[in-house]
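> Line order of the protein sequences matches chains A and B. Under our numbering, the first residue of the first sequence is numbered 12, with each subsequent residue one higher. Under our numbering, the first residue of the second sequence is numbered 1346, with each subsequent residue one higher.
Please note that the accuracy of each hint is not assured.
Pairs of lysine to aspartate or glutamate residues, derived as EDC-like cross-links and limited to a Cα-Cα distance of at most 20 Å, are as follows [as the list claims (entries may be wrong)]:
id : chain 1 : residue 1 : chain 2 : residue 2
1  : B       : K1402     : A       : E258
2  : B       : K1406     : A       : D152
3  : B       : K1404     : A       : D152
4  : A       : K97       : B       : D1385
5  : B       : K1474     : A       : D218
6  : B       : K1474     : A       : D57
7  : B       : K1404     : A       : D113
Hints in this document: simulated from the structure, not taken from any laboratory.
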Amino acid sequence: MDYAIQITGISKRFRLLHEQYSSLKERAIHFGRIPYDDFWALRDIDLDISTGETVGLLGRNGSGKSTLLKCVAGILQPTTGEIRTKGRVAALLELGAGFHPDLSGRENVFLNAALLGLSRREIELRFDEIVSFAEIEEHIDQQVKYYSSGMYVRLGFAVAVNMDPDILLVDEVLAVGDELFQRKCLDRVKQFQQEGRTIVFVTHSVDLVRQICDRVAVLDNGEMVACGLPGEAVRSYREHLQLHQREEEAGHAPAESAEDDDPWRDSAIRITGVHFEYPGESKPPLMSGKPLAIHVGYRAASPVDDVVGGLAIYNSDGTNLYGTNTDLLEVDLGKLDGEGEIVFHLPTVPLLDGTYPIIAVLCNHALTVTYDMRDHEDWFEVMSFSKTLGQIELGAEVSLRPSAAALDESGAA
Amino acid sequence: MTTLVPRPSDADSPRPVRTPADSVVRVVSAKVGLRTRFSDIWRYRELLAGLTRKELKVKYKNSVLGFLWSMLNPATSILVFYFVFQVVLKNGIPGFAVFLISGILCWNLFQNALPSACVSVVGNAAIVKKVSFPKEILALASVGAALIHMGLQTIVLIFFLGIFRWGPAVAYLPLLVPALLALLVLTAAIGIFLAAMNVRMRDMQHLLEVGLQVWFWATPIVYGFMTIQAKVAVSKSVVYQALWVAYRLNPVTPIVMTFQRAIYARPSPRGANGVRVPILPEHVNQWWYLWQDLLVLAVGIVLLALAMMLFSRLEGNFAEEL
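Only chain B is shown next, with the shape it has when bound in the complex (with noise of 0.2 Å):
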């Protein structure tokens, strides 16, 4: 017979020593450095792009047309707008169409992201409040989805292209690339105000939509920039003058210009009755709209940096307030 005497309690009987498969030491603190935010967030860059995958999947689930409602959305706008401008107010643009979608490519991925970063914390509330990760990536996942989107879009934009045999501005396109970060940047710096904003005063939302209304209309998409410069040039009234200096530090109206004279091409075409419709400056090169955008894009930086400062501050609280 065997007895097996007693072990002495576990504590005592020397563990295995694990390497650590992530030696990553991690801080959870109250004052978390902005530079270990923005190197949180590039480690969770998966999870940003499943998230995106997620949003796409989850709007576009259970529907029959799917992917294509986001391209008869722009598609149906584009008709309204065409109809009422064109043929009911006869602006006189020539090619109105392409003229349209062209800013309204660059606004929609503003449009359909920012509402949905601005819900992206509340109505992750599952997550938040069970998981850490850097939850930024909520808005920035609207911002991916919004994205893609444009990208489809963008086959709604070729196609008018192709109807109306339109070529754009080879030499303006590179300048996409500059114009499409800025927007980026830009809309990903409002998304995570909003995001943070919302989870104490969820009225942010609602007030989004009514500041969303009036800026696209502050936008030069539906009318040319040179139509606004036009009534204000021969006003010497001093509202009109502030309204104006307003009017030139909207940040999306440089990005819209760049697509619009890269894609729509013409600054003043000649309508049907031979005039010149002026749309965008004339006499001005690539470098000035690569210097407009590059102004936005660090615009947009700074906007960031204290938009995820802010964040940072507030996120303490989500899930607590949730």
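Isolated chain A, as found in the complex (with noise of 0.2 Å):
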């Protein structure tokens, strides 16, 4: 195989000095040392990236992924393990660092080419479209201080592409500018991938990994976690963010959920639990399109006949997807008594990968009486393959109907 990117048990340490002892006379007087804390921002990656192969970094903020990349771009070297890189490689990370505000554009782009490692009669060549893409034709003679920020932006980005990379290294840069420069940057990087180069890039929009990644390599605290196709990738992803809030949560609001706070104990009658059935499949997680099944179940103390059973799908930006009640959907529960379970049938759950956390409830038929709520306790996940954005799959297909003038030309031609 053909890798363009090699990288070997890359692990890298940053030590965190207590305080900033920059000087020789804080460096006496501590006799030279200085105390500090080890922090590993990588351990032990291995990734081989074989050429022409889009590649996203997926994690949390502060996972490692920004450092890996500046790791492969060079700027940051390595504790230990060894990156392989082959052909000319172009980082994106700041669009326009190194302009000098006192330079005119036109020797910023001159700088910044041979800073990315190109000659000068290379950067000749390329100087008229470099002006061209970034669209400041009138203004390249002029000092870069006197630049709005985004011709600033365009001109950097316009120096980055047109270098001819075989790597390019793109640390979410796309995510500044207005949306036609986004798109622009986004077409690029397109027509990059259709000519073959190898791309990797770091990013938190899931949407934007499964558009163009061939491959998603997931971090969290340093080590890869996943790595595989974008689908299973993201679902990891968010497993692990979910991790992470639920840690967090745990963490900061023990209180909440301790038993004295519960409004519902008292009732008549209490939700025992929440659990999921995936009919057809054993195990989590739901394949888009699959059905389910929500078992909501209950115990009352004394029977209870004024009963409503509901459930809400939220998405994990707190949106409410979907919910219905036992009365909306015409459904009389009678007298409940002891214990039971509420079922709910989804006959299909067109959902795109992700997590969903549910609301079930107990209330009367007025609405007026809550029972007992489970709120946001409960999720479940799906998994998707396809490569489609948002959140539900709708199973578009294209058709083609030329119109009728366009068929009779054709056919007379």
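Assembling the complex is the task here: the two chains are given apart, and the hints tell you how they should meet.
See below:
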């Protein structure tokens, strides 16, 4: 296999100094020893990327994905391990990094391109293309300090993408600029893909990952926790997000879940639990488009005859995607006594991959009394291999219908 | 109606095979050898030219006199030294202005390059943190800019030579090449060392200011080399002898002396009252100077290798510490 990037056993340690002892005097006071903490930003990462592949790096803030990208770019030196890259590497870490405000746009283009490793001749060949891509023809001989931030970013991007890289490293720069510019950037990235260049990019945008990546690596706390097809990787990424969120919540507000604060502890009927059934499949995650049954368990201390069971499905942003209850479904639960389950059968769940929290509730017909509610305590996961964007798989197909006139013309020709 | 069959995912469709524009395999690792580092610098030589140009342009942008400053500076110091040492202190060196400028010319390369090399990595934090390139080039660009200044200052030198109708020693002029080369290597070595150290310890730049001041007076620029030697020769003090050894170890001294021998050209000229003023060693020829310069060059190369090794050890942390 022909590898463009071979990452072997990369670890990166940052020394976090307790204070900024950056002068001789302070060093002398501390006998040259400075108290520090070791922080491993990356731990033993192995990743081989073949030529022409587009790989996304997903992870929470501080998971080490940008550090990894910087190591590949050669800006940071790994503490252990080795990275081999074949071909010219262009890193879009910050657009227009290294522009000097006092120099003209023209001078900066030459300097910036030289920084990226281009020879003067190569720059001269590309100069016109760079200027026209950046759309700043009439300002090219002005000092860069008089540029608007948009012009600045455009020029930076134009230099970087016009240097004919074999490997393009992109770090969330696509998130800056207006929508038009973003689209232009994305078009360039896609063009690079078609030309068989290798692309590695760091992003938080799951949509973008699904749209353009062949493979995705997920980093968490400096370790690679998943690497595979976008669908799988995105699911793993979401799982880890959820995990951390839960950890955080557990750490922040332990009192809330305590028994004392339970407002429904004296209700006549309580929810004992929620569980998910995946008809036809034994275990989660749910495959997109497959059926799902949601079981809401109840226990009534004494017979209750005014009960409605409700269900709502949310997405991870907290948007309500779906909601229903037994009244809306025209089902009368009658008199409930003892233990049992209310089961909601969903014949198909056309959601795309992600984690979907639910609310299960028991209340009366008038909706004035809530017996019990489990709010975002249960969730199910959906996995999808499709490249569809958004949240729902509507299963579009395309047909082409040329107008009658066009058909006639092609018939005549 | 044509129904377009959904295309299999992009991963399955073959992409064109690209021949890399640059088939060099680059290795990013904590262990990169010196040879790779030197060859990286060589590959980026156009960047060196670009950064040198930038340094000069930025320095004199928005200044009315522009490059004239780089000539006014030595001209002024020569006038001051001339007034103090020739008119007030009457040191009796004939053609003192020419003597001064031949030494100051090469000292200024040192003096201009080092402070700017020292802050080169810290001052270019924006680039260092975002772009990958051999960072030694930042320090080397400072040396490059100082070299260009030296070229401009040569105009001042020629001006003074003309005024005083002073002829250089033609036989010694070729020696300026190895001398200059040795000076450049030495300056580059110290510059790279300082640039790396200054990232960790920002007081390097203040230390350097003090150091350069002492170093200037410890180099025979304003006074003749023989003046010191004569003083040491009559003294039996151990302290004097020890200081003399330290003084002789100054690697800039042989270079300055070569410049003085070639341009000022007179080892012991007759002063105003006809008495000979000993300035440079009299009974040595070109070969002695060449030998001295090559020695400095050798020392410079060793120091450069050491500085690069230190630089490469510290470089891994630059992006974090800036």
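> Are the Cα positions of K1474 (chain B) and D57 (chain A) separated by 20 Å at most?
24 Å, violated
> Given the hinted pair K1404 (chain B) and D152 (chain A), is their Cα-Cα distance within 20 Å?
With a Cα-Cα distance of about 18 Å, the restraint between K1404 (chain B) and D152 (chain A) holds, given a limit of 20 Å.
> Verify the proposed pairing of K1406 (chain B) with D152 (chain A), using a straight-line Cα cut of 20 Å.
14 Å, holds
> Taken at face value, is the distance from the CA of D113 (chain A) to the CA of K1404 (chain B) at most 20 Å?
10 Å, holds
> Taking only the CA atoms, is the gap from K1474 (chain B) to D218 (chain A) under or equal to 20 Å?
Given pair K1474 (chain B), D218 (chain A) is violated - Cα atoms ~29 Å apart, limit 20 Å.
> Can the restraint linking K97 (chain A) and D1385 (chain B) be considered satisfied, given a maximum Cα separation of 20 Å?
15 Å, holds
> Keeping to a limit of 20 Å between CA atoms, is the pair of K1402 (chain B) and E258 (chain A) held or broken?
Roughly 55 Å between the alpha carbons, so the hint for K1402 (chain B) and E258 (chain A) is violated.
Violation of the numbered hints given earlier is confined to hints 1, 5, 6; the remaining hints are satisfied by the structure.
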